[in-house]
Structures are given as C-alpha cells and as structure tokens.
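Read off the chains here:
Number of protein chains: 2
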Amino acid sequence: MSNRITDALPVTDMELPADAHSHEHPENLPYVHKVGVPPKQNLFTEFKTTFKETFMHDDPLRSFKDQSNSKKLLLGLQAVFPILDWGRSYSLSKFRGDLIAGLTIASLCIPQDIGYSKLANLAPQYGLYSSFVPPLIYAAMGSSRDIAIGPVAVVSLLLGTLIQDEFDPVKQKLDYQRLAFTATFFAGLTQFALGFFRLGFLIDFLSHAAVVGFMGGTAITIALQQLKGLLGIKKFTKKTDIVSVMRSVWTSVHHGWNWETVVIGVAFLAFLLLAKYIGKKNKKLFWVSAIAPLISVIISTFFVYITHAEKKGVQIVNKIEKGINPSSVHEIFFTGENLGKGFRIGVVAGMIALTEAVAIARTFAAMKDYHIDGNREMVALGTMNVIGSMTSCYVATGSFSRSAVNYMAGCNTAVSNIVMSLVVLLTLEVITPLFKYTPNAILASIIISAVVGLIDINAMLLIWKIDKFDFIACMGAFFGVVFVSVEIGLLIAVAISFAKILLQVTRPRTAVLGKVPRTNVYRNIQQYPEAAKVPGILIVRVDSAIYFSNSNYIRERILRWLSDEEEQLKENGELKSKIHCLIVEMSPVTDIDTSGIHALEELHNSLRKKDIQLVLANPGPVVADKLHASDFTSLIGEDNIFLTVADAVITFAPKMEP
Amino acid sequence: MSNRITDALPVTDMELPADAHSHEHPENLPYVHKVGVPPKQNLFTEFKTTFKETFMHDDPLRSFKDQSNSKKLLLGLQAVFPILDWGRSYSLSKFRGDLIAGLTIASLCIPQDIGYSKLANLAPQYGLYSSFVPPLIYAAMGSSRDIAIGPVAVVSLLLGTLIQDEFDPVKQKLDYQRLAFTATFFAGLTQFALGFFRLGFLIDFLSHAAVVGFMGGTAITIALQQLKGLLGIKKFTKKTDIVSVMRSVWTSVHHGWNWETVVIGVAFLAFLLLAKYIGKKNKKLFWVSAIAPLISVIISTFFVYITHAEKKGVQIVNKIEKGINPSSVHEIFFTGENLGKGFRIGVVAGMIALTEAVAIARTFAAMKDYHIDGNREMVALGTMNVIGSMTSCYVATGSFSRSAVNYMAGCNTAVSNIVMSLVVLLTLEVITPLFKYTPNAILASIIISAVVGLIDINAMLLIWKIDKFDFIACMGAFFGVVFVSVEIGLLIAVAISFAKILLQVTRPRTAVLGKVPRTNVYRNIQQYPEAAKVPGILIVRVDSAIYFSNSNYIRERILRWLSDEEEQLKENGELKSKIHCLIVEMSPVTDIDTSGIHALEELHNSLRKKDIQLVLANPGPVVADKLHASDFTSLIGEDNIFLTVADAVITFAPKMEP
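Chains as they are written, first to last, in full-length UniProt numbering: chain E, 1 to 658; chain G, 1 to 658.
Think of the hints as simulated: they come from the structure by calculation, not from any bench. Honestly, I wouldn't trust all of these hints.
Pairs count within a copy or across copies, as identical chains cannot be separated in the list.
[Said to hold, decoys possible] No more than 16 Å apart at the CA atoms, straight line, and that leaves these computed lysine to aspartate or glutamate pairs for EDC-like:
| no. | residue 1 | residue 2 |
| --- | --- | --- |
| 1 | K570 | D168 |
| 2 | K283 | E571 |
| 3 | K94 | D165 |
| 4 | K171 | E566 |
| 5 | K533 | D168 |
| 6 | K465 | D631 |
| 7 | K465 | E46 |
| 8 | K238 | E565 |
| 9 | K341 | D168 |
| 10 | K72 | D611 |
| 11 | K52 | D625 |
| 12 | K468 | D639 |
| 13 | K238 | E556 |
| 14 | K319 | E429 |
| 15 | K72 | E260 |
| 16 | K280 | E429 |
| 17 | K570 | E530 |
| 18 | K368 | E601 |
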C-alpha cells in the first residue's frame with residue numbers, strides 16, 4: 001500500500017548525494033524483520049512489575065528466597081542489625097584502624113558539638129549528648145563503614161532558625177527545647193517511614209546541583225553567624241541573611257567589638273585554616289587538621305584560665321552540664337498545636353539530614369566498593385533519631401568533615417563510631433567542667449574552619465561547565481540561603497529541581513536524522529554534519545516518552561520540521577524531491593499514553609492531507625503493545641512499521657538501489 | 001587499551017549461537033565512525049535555543065521577519081484580530097453556512113444558557129448575557145472556525161460550588177454575584193496571561209485521561225443536581241456528592257416530589273434523548289437534536305401557560321430581566337479579602353475553561369486541517385472573559401455540544417458566533433418575557449440531555465486498554481468528583497497526572513539488548529525473543545535522560561542486570577564466558593546532568609574492580625558534549641565510545657570475526 005505513494009513520486013538517483021547509498025546493504029532487504037510485540041502480560045503481572053521496579057528495584061528480599069524459617073529469621077535480624085553480620089568476622093587488626101579513627105573523630109567532634117549546639121540555640125551539652133547515643137545505634141543498624149554520626153552544622157542551623165520562629169530560645173527556653181526534641185522525633189519518624197515504605201527515592205528529587213548550592217549558602221550563613229562569637233559582639237541580629245548580619249557587625253564596630261576576643265579568635269582561626277591547608281596538601285598529615293580544633297580548645301582554655309580574660313569581656317562557655325543523657329520522653333509534644341509545628345520542622349530537618357547522610361554513605365561506599373541500601377540506611381538513621389529524641393539528643397546525621405577524617409584515619413567498620421561515642425561518654429562524665437573557660441571565639445573559629453569545606457567551588461565550576469540549568473538551580477539555592485533564609489533557599493532549590501524535571505517532560509528534544517556515510521546508521525544531522533538527508537524522506541527522532549504533557553508539542557514540532565524542510569527545498573528549487581514519507585524513529589520513545597496516540601493519529605491525518613506517508617521505526621515493547629491495543633497499527637498499516645530506519649528507507653526509496 | 005581485557009579472556013567461537021554473526025558486516029570495521037561532538041555553542045545561543053523551544057517552539061514571529069514596518073503593523077493587527085485576515089476573503093457562500101449554523105446553535109444555546117445560569121446559582125439572564133458579548137469578541141480575536149462560545153455546564157457548576165462556599169447565593173445575592181464577576185475577571189486575566197507569556201503548555205499537565213474522568217464525573221454530578229428541577233423537589237442539599245444528593249431525593253420521595261413536574265420533565269427528557277439518538281444514528285438528522293431543546297421549551301411553556309400548571313406546584317422560570325447586558329465594572333471586587341477569593345476561584349475556573357476550549361479548538365482544527373495557535377487562542381479567550389466580567393457575563397468558553405452542532409451545521413468561520421450572538425441580543429430585547437412560564441423541569445431535562453455527551457465511555461475503555469495508570473487517573477478524577485466534590489476530583493486528577501510524570505522520571509526503563517538474527521541491529525531481548533546475547537558482553541539500554549532524579553536508580557539497575565547475568569551464567573556453568581564488557585546503549589539518553597555523570601563515574605569504578613570495561617554506544621549531541629566537558633571521556637577512554645552497539649561489539653569480541 002505504501003508503494004502507491006512512493007511510485008507516484010519522482011525520486012531519482014540524480015538528486016542523491018554521492019555517498020548516500022554507496023554502502024547500502026541490500027542483503028537487509030530480504031530479511032526485513034517484523035517489529036516484535038511482546039507477549040501480553042496479564043494485569044496482575046503488569047502491576048507487580050511496575051510496583052517492584054518502583055519500590056523494590058534492588059530486590060531486597062532476594063536473599064530470603066528458598067531459605068528455611070530459622071535462616072530467614074537470622075537473615076532478617078542481620079538485615080535490621082548488620083552488626084550481627086560483619087561483627088562475626090570482626091578482628092583485632094580491623095579494631096586497630098577503628099580505634100585510631102574513632103579517637104581522631106572524637107577529638108574533632110567534641111569542640112564541634114559544643115559549637116553546633118550553639119547554632120541550634122541549645123545548651124552545649126546537647127551537642128555532646130547527640131554524639132553519644134545516636135552513633136551507638138547507628139553502629140548496630142547502619143550499613144556504611146565510613147560515616148561519622150553526630151550533630152552537623154547545616155541541620156543545627158536549620159533547626160535553630162526554624163524553632164526560633166516559634167519560641168524564643170532564651171525567654172521560652174523550656175518550650176524551645178521541647179520543640180527541638182519533638183522535631184527530632186518527627187525527623188526520625190520521617191526518615192524511618194521513608195525507608196520502611198521504600199520511598200527513599202524521594203530524596204533524589206533534590207538535585208546534586210541544588211544540594212551543592214544549598215550547602216555552600218548555608219556554610220556562608222553559618223560562618224557569618226560566627227562573627228558574633230569571633231568579634232565578641234553582644235547585640236546580634238536573629239536573622240541569618242547577609243544584609244542583616246553585616247549591619248549588626250558594622251553598627252557595633254565602635255563599641256560592640258571586644259578586641260581581646262578578636263585577637264584570640266582570629267589567631268586561632270588562622271591556625272586552624274593553616275592546619276586544614278597542611279592536611280589538604282599532604283594527605284598523610286590529615287591528622288594535623290583533625291586534632292587542631294582540640295589543641296586550640298586546650299590552649300585557649302588554659303590561656304583564658306590563667307589570664308582571666310573572661311573578666312575583660314571575652315565570652316566563655318561558662319557551664320556544661322555534667323553526666324550522660326537524661327531522658328527526654330516526657331518533653332516531646334505528643335499533643336496540642338506544638339505537635340504540628342514539631343512535625344513540620346521535623347520533616348524538613350529529617351529530609352535534609354537524610355540527604356546529607358545518604359550522599360556521604362554512597363560516596364564512601366563507591367570509593368571502597370561495597371553496597372549501601374539507601375532505604376535500609378534511612379531506617380537506621382530514623383531509629384537512631386527517634387531514640388535520640390527520647391534521650392535528649394537533637395537531630396544527628398552523617399557529617400561531611402568528620403566522615404572524611406574517619407575514612408582517612410583508616411576506619412574499617414562502624415566500630416570507630418562506637419569508640420567516638422565512648423570518648424564522648426567519658427568527656428560527659430569526667431571532663432566537661434574543664435570546658436568552663438573555653439572562649440566562644442574558639443568555638444566560632446572551629447565552626448568556620450569546619451564549614452568552609454562545605455563551599456565546593458570546584459563542584460560549582462563543574463556544574464557551570466556541564467549544565468547551565470543546573471547552575472541556575474545551584475546559584476538560586478545559594479543566594480536564596482545567603483540573602484534571604486535557609487528555608488527560602490531550600491524552597492528555591494526544590495522548585496528549580498522540579499521545574500527542570502517538568503521542562504524535560506514538556507519539551508523533549510527532537511532531531512532530524514541523516515545517513516552517516518558508508519554505514520547503515522542514521523544519526524542527528526546536527527551532531528554528525530556529514531550525515532546526509534535522504535531525498536524525499538524526512539526522518540525525525542523523538543527523544544522521550546510521548547505523554548499528555550508533551551504530545552501536542554511533539555506533534556507540532558514534527559510538523560514544523562516538515563514545513564522547515566519543505567521551505568528549504570522550495571528555496572533551493574528542488575521541487576522534484578518533494579517529501580513523500582516521514583519516518584519517525586521511535587527507539588527513544590519508551591512509553592506512550594492515550595494523549596500520545598491521539599497526537600500520532602492527528603499527525604497521520606495532517607500528513608495524509610499532504611500525501612505524505614507516516615512511517616514508524618523501531619517502537620519499543622510497551623509502545624508497540626499500545627499501538628496495537630489502540631488499533632493505531634491498522635490505521636497507518638502494519639507494513640509501515642519497521643525494525644530500523646534503514647529498513648524503512650530502503651522500502652520507501654526503492655529507486656535508490658543500484 | 002581495551003584489548004588488554006578482551007585478549008585475556010577466553011571468548012571462543014564455540015559458545016556463539018549459530019546465527020549470531022553469520023551476517024556480520026565486516027566492512028563496518030574499517031569505517032568505524034567517531035562519535036560526533038557538535039560545535040560548541042556559546043552561552044547566549046544555548047540559552048536562546050532553550051528559551052525558544054520552551055516558549056516559542058511554533059515560531060510565532062516567523063512571518064514578521066524581513067517585512068517593512070507598515071506591513072509589520074498590519075501583520076501584528078491581524079495576529080491579534082484574525083478577523084482582519086479572513087474577513088477580507090469572506091464571501092456570501094461562506095455566509096450561507098455560517099447563517100444556518102449560527103441560527104442552529106442559537107436555538108440550542110438559549111435554553112441551555114438559562115439552565116446553566118441556574119447551575120452557577122445566578123439569575124437566568126446572566127447566561128444569556130454570557131452568550132451575547134463573549135462570542136462577539138471571540139469572533140474578532142479567536143482563530144478557531146468551529147468553536148461555539150458561551151457558558152458551559154462544567155464551568156457553571158464549578159463556579160457555582162466554589163462561590164457558594166463563600167457566599168449564600170440567596171441570602172447574600174449581591175455579594176455572590178459580585179464574586180462571580182470578580183472570579184470571571186481573574187479567570188480572563190489568567191487565560192490572557194498564560195497566552196501572553198506563552199505558558200499555555202501548562203494546561204497540558206492535565207492529562208487527557210484525567211480530563212475524561214473529570215468531565216464524566218462532573219456530568220454525573222450535574223445530572224444529579226437536575227433531579228431537583230426534574231422531580232420538583234423544594235428542599236435540596238447544597239452538596240454535590242452522590243450520597244448527599246440521593247439522600248435528598250429519597251427523603252423527599254413521599255411529600256417532596258411534584259408529580260406534575262415529574263411527568264413533564266420525564267416526558268420531555270425522553271423526547272430529547274430520542275432526538276439525540278436520532279441525530280447520532282443519522283448524521284444528516286443532527287438538526288433534530290439541535291432544535292429539540294427549543295421545541296421542548298416552546299411546547300412546554302405554552303402547555304404550562306394554558307393549563308396554569310404553575311398553580312399546581314410546577315416551578316417555572318418566572319422572571320428574566322429584559323434588555324442587554326448592564327455594566328458590571330463597579331461590581332468587581334478590586335480590593336479587600338474578596339479579591340483573593342475571586343482570584344483563587346478565577347484561576348481554577350479559568351484553567352478548566354481553557355482546557356475545554358483549547359481541546360475543542362484543536363480537535364476541530366485537526367479535522368478541517370487548519371492551524372490553531374494555543375497561546376493566541378488563550379489571549380482571545382482571556383480578553384473575552386475580562387470584557388465579559390465588566391458586562392455582566394460570567395466565565396464563557398467553548399462548549400463541546402454546541403461546537404459539534406456548529407460544525408455539523410456547516411459553519412465556515414466565526415461569523416456563526418456573531419449570528420448566534422445577534423439572535424441572543426434579539427431574545428434579550430424582545431422575547432425574554434415569554435420565558436416566564438417555562439417550567440424548570442424542562443431546563444433540567446435539557447441540561448441532562450446535554451451533559452450525557454460528556455460521559456465518554458468509549459474513551460474510558462480505550463484508556464483502560466492502553467494504559468492502566470492513565471485509567472487510575474481517569475477513575476480517580478471521576479469518583480473524586482462524583483463521591484466528594486468537583487474540587488477534590490480536580491485535585492486528584494492533577495495529583496495523579498503529576499505522579500505519573502515523576503514516576504516516569506524516577507524509574508526509567510532499562511533493557512538488555514541482543515542481536516537480532518541476520519541483521520546488525522541490537523534490540524530488547526524481551527521484545528525480540530529471537531535476539532541473541534553476545535557471549536562475554538552485556539548490552540544495556542537506558543531509556544531516559546539521566547538526571548539527579550534517576551541517576552542512582554539507573555546505576556544500581558545496570559549493576560543488577562550485570563549480577564543477574566553473572567548469576568545465570570554461573571547456574572549454567574558457563575564460567576568461561578565471564579562478562580568482560582558492559583555496553584551501555586545511550587541512544588535514548590537525551591540529556592545528562594552532573595548527578596548523571598557522577599553515576600556513570602561510579603559505575604565505571606564498580607566495573608573496573610570486576611575487570612569489566614564500560615563502553616558507551618551512540619551518545620547524543622548534548623550528552624557527548626557534557627561527557628567531554630566533564631572529562632568523563634578521558635576517564636573511560638575516548639576509544640571506548642562508539643557510534644553503534646554493533647561497532648562496539650565487533651571491537652570487544654574480535655574473535656567472533658571469521
């Protein structure tokens with residue numbers, strides 16, 4: 001039936017580019033393959049497959065198959081508590097690495113914890129509490145071997161700003177603290193639920209670029225907040241945007257800065273940054289940067305103690321509660337309107353904490369080549385925060401800086417977290433009183449030197465080089481955090497990430513194909529300028545599933561390719577080679593819905609009015625199935641669907657054959 | 001470099017299926033093509049292209065190019081007022097068709113308008129007003145030749161239920177009415193803005209399936225609402241869900257139904273449905289169904305008038321204001337909290353009205369093969385509703401039923417809308433008093449017979465056949481409207497439509513490819529069971545752009561294909577044919593972002609640890625560009641990227657060659 005059209009049209013050899021058919025493979029012709037339609041699945045199988053690919057794509061129950069019940073129980077326990085698995089093969093040689101790594105991250109985490117709890121507007125001991133219970137639980141349930149668990153800067157700031165909007169951290173101290181535990185509880189619950197219901201893929205919707213921008217912006221914001229401690233300013237804005245903070249800093253320059261504090265702060269900041277630089281330059285000296293904070297704390301505390309600098313206005317930590325975590329079950333708001341507030345804040349903080357932890361776990365797993373089950377990891381993190389919320393901890397997660405130190409110090413398993421946890425326990429029980437004279441300026445400089453690592457300029461440059469749209473998302477999140485607030489930055493990051501997905505789905509790419517000389521393949525003529533169009537035939541590739549969101553666009557775009565082509569032919573005076581056949585390469589069209597089939601029908605109708613035959617090449621299994629189901633196949637004719645573009649071209653340009 | 005691996009592995013001819021390489025084209029080898037990297041575009045060009053494809057893909061300014069200024073002005077005027085274009089070639093023969101069509105739709109619209117204004121809880125004349133001004137404006141500005149403009153059932157119901165939540169239509173009549181005009185104003189403004197800023201594609205996010213379900217559900221809801229008029233019930237629920245309505249109907253069965261009304265209503269409903277059936281069976285008799293409503297009105301009005309049935313409890317229209325549209329500019333809420341309410345309702349009603357009008361315009365344009373510019377159409381509809389809101393009209397749009405009649409009656413241009421508008425003008429000026437005795441039951445039966453056409457069972461069946469997920473969206477919207485409310489149904493429709501897009505983006509398909517016998521092409525082995533795997537090589541195709549939302553999934557899925565394959569080989573005891581090369585067919589991968597490149601890097605690292613070479617086949621222009629920009633190309637080696645899968649297979653299974 002297609003011959004009717006092609007025969008009527010004057011396609012002659014003369015108009016062909018010299019090499020367009022010199023290597024045509026005529027042996028393809030006798031073997032023209034039919035497009036396969038896969039065996040029809042029944043409804044249940046279809047749903048099951050979709051469900052499995054969506055939620056269980058990593059087949060988490062695979063190892064349970066064909067096992068005895070007692071074995072299944074053991075496997076189940078091991079799945080929840082991986083420590084039962086790797087613990088059995090734990091050895092002394094592994095412990096050596098874990099011990100050193102654990103001590104190193106403990107020395108780093110103690111001063112950081114005290115600083116981060118200030119970011120969250122909580123008393124300093126809460127940071128230490130959060131480095132005691134959560135790492136122990138994670139060690140039993142988590143599957144990452146390198147992550148270091150504890151409070152982190154970004155989540156502390158986020159929690160601090162969000163809870164501060166509800167309660168004043170000084171005047172309503174108890175309510176503030178209760179809301180913090182409530183938020184922690186719901187953060188844990190969110191994390192647990194995401195993992196348990198295998199919805200972990202939801203965190204993938206925060207794109208890498210958005211995370212880079214958000215982290216960078218938050219780091220700047222956190223560093224700016226530290227100016228309060230570093231400069232010894234007493235009256236400081238509660239806002240986090242750069243304009244408010246810089247105004248606070250300048251207005252207090254004449255009477256608000258404490259010069260003793262500035263000297264101590266800046267000196268130790270310089271020392272810490274130098275140590276960081278040394279650790280970066282020479283990987284073997286990473287421990288210099290790892291223990292520098294603790295050394296700074298010890299030296300500065302001693303210095304303040306003997307000089308009584310606190311009487312000259314140098315602010316000090318003053319008091320850290322001694323003893324291990326008290327219970328906080330009764331402090332969580334389980335009823336009332338504060339429940340809703342805690343839930344909202346908890347969900348946001350929990351998601352951000354997850355994003356950070358999962359990214360770390362995946363990075364190190366890839367470096368050491370072991371497997372991380374994202375969903376199981378979320379269950380572990382969630383359990384850890386739920387229990388944490390009942391033992392006076394606030395949201396803990398994996399820390400970028402400490403995990404890197406952990407890795408470099410040669411940790412082998414989560415035992416390094418246990419070691420760290422025990423050191424923190426010792427600290428809480430014995431030496432917290434010694435921190436009384438630690439100047440706040442030191443904590444500020446430790447935080448600054450920790451967060452500068454979150455500003456990943458190389459990643460930003462790479463994003464700029466690779467994808468401009470990603471870069472917009474990155475910068476949107478960055479400037480949103482720096483100039484407005486953490487929440488707005490986050491909102492911008494999520495919105496731009498979604499906009500990108502929608503744009504991809506609404507405006508898929510299409511391309512005109514040509515024949516690559518001396519081969520049988522047809523490729524985008526913009527990518528392969530040597531590829532030659534076939535006279536009388538327009539070949540268009542659609543690069544996406546055809547769905548309601550793009551079906552109209554695709555139809556219109558294909559027709560525009562056609563009219564562009566016809567216009568060009570007219571301009572060149574090549575009236576004889578009028579287009580008589582439009583081949584749509586369907587290889588990338590992974591799916592089609594009713595709107596998509598409508599669009600194809602309309603395309604077919606529009607083309608028929610112009611005496612142009614619509615031909616499809618290589619529809620995939622799902623598409624082929626649906627084209628049959630909707631009778632579109634019989635509308636355009638079964639023999640107008642080909643296995644490859646080459647087959648279709650041979651059929652519709654028969655005079656090309658020598 | 002790749003040879004190092006392949007040479008070390010025992011890939012022998014023996015393990016090959018007999019026909020796997022019998023038609024290999026050795027001449028491909030000397031001509032192995034390099035993958036093309038398109039010339040680097042500068043940033044501005046890149047942004048311009050993306051912007052153009054997103055917002056200007058139909059190149060609306062094309063005709064303005066290379067024209068003189070006066071010509072540009074004329075073209076601009078013609079673009080805004082297409083009547084200046086087609087009006088110049090308007091002829092008497094065209095007018096004949098338009099006149100007949102215009103009279104036919106006028107006879108249909110007058111009784112419908114009166115009924116629909118009741119659905120919107122407005123006085124009957126407002127329906128007629130809305131069929132006078134808007135069609136005139138549309139005729140000047142619209143580009144569809146077949147659409148019939150006026151109030152429609154779905155939008156009337158939507159407006160009625162939404163405004164009713166704010167004001168009582170009886171007790172707060174004036175406020176209700178003012179909010180209706182405010183909503184109409186903002187509906188128009190929304191439509192205008194969407195078109196003007198070329199954001200028309202946003203309405204494509206309401207999928208065809210969702211619209212079918214929503215329309216069907218709304219039709220049922222509207223029909224149920226008519227039971228009030230049809231059965232002469234005085235106390236009737238204000239809710240629209242089927243449970244509340246049926247309870248209202250049953251509780252009033254003994255004392256609330258008016259039997260005279262029921263007789264009149266049911267008799268004429270039967271007549272109308274019969275007329276509709278005749279019109280459907282015999283396309284030439286379509287006019288029977290078109291004029292049946294007017295005939296029903298005339299006969300029943302006359303009947304009530306002579307029998308004084310209104311004294312026996314048959315409810316009648318009673319009063320329609322005489323005269324043309326009064327101004328309503330001063331009634332629109334431009335300030336205060338009602339502004340916000342009007343805005344919210346207007347945006348929703350405007351979007352739904354747009355969806356209906358654009359779908360109609362596109363359908364008929366495809367049938368008569370002329371072009372509709374969706375965005376320009378929205379500007380026309382928006383202007384029409386903004387002006388309408390100032391002239392006592394409520395939201396007007398294209399009506400499914402009247403547009404079909406218009407088309408079948410042989411309309412040629414929008415002049416048929418002008419004719420209809422003039423007939424409505426005449427009605428308003430002269431004969432409205434005659435409608436005084438028209439029984440409400442007739443209006444109810446006219447509405448029922450009009451909306452049954454909106455329940456498209458065939459479309460639902462087709463959706464079921466083609467795509468089960470679409471069917472869920474369709475039924476979700478349908479039952480949401482029927483059992484809860486119009487808003488909830490709409491929300492469900494939008495939510496499921498979005499979920500589908502997100503699912504597609506998060507869980508793209510992947511497939512293992514095999515060689516189709518006697519060809520050089522590699523296809524999904526599930527679709528083509530005869531396709532044979534190449535020993536030692538696993539070929540995987542990824543069917544989507546690789547973005548942050550799916551990059552982890554894709555990496556893990558590819559690794560699972562690999563471990564599945566390895567497991568199977570182990571089971572079969574084919575240890576010799578260990579996989580040594582993984583080819584990723586990139587043809588359908590239209591784009592990649594930084595997360596995607598990270599995933600590929602991690603995949604490469606995981607594979608390298610297993611001594612498996614990662615090979616890419618046919619990356620598209622954008623992907624090739626980004627792979628270069630990120631230095632991924634040099635990571636895996638430039639010579640491990642091939643033009644086709646076949647080329648890659650030849651290189652990595654060299655012993656296959658005879």
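Q. In ascending order, which of the hints set out earlier in this document are inconsistent with the structure?
A. 1, 2, 3, 4, 5, 8, 10, 11, 12, 13, 15, 16, 17
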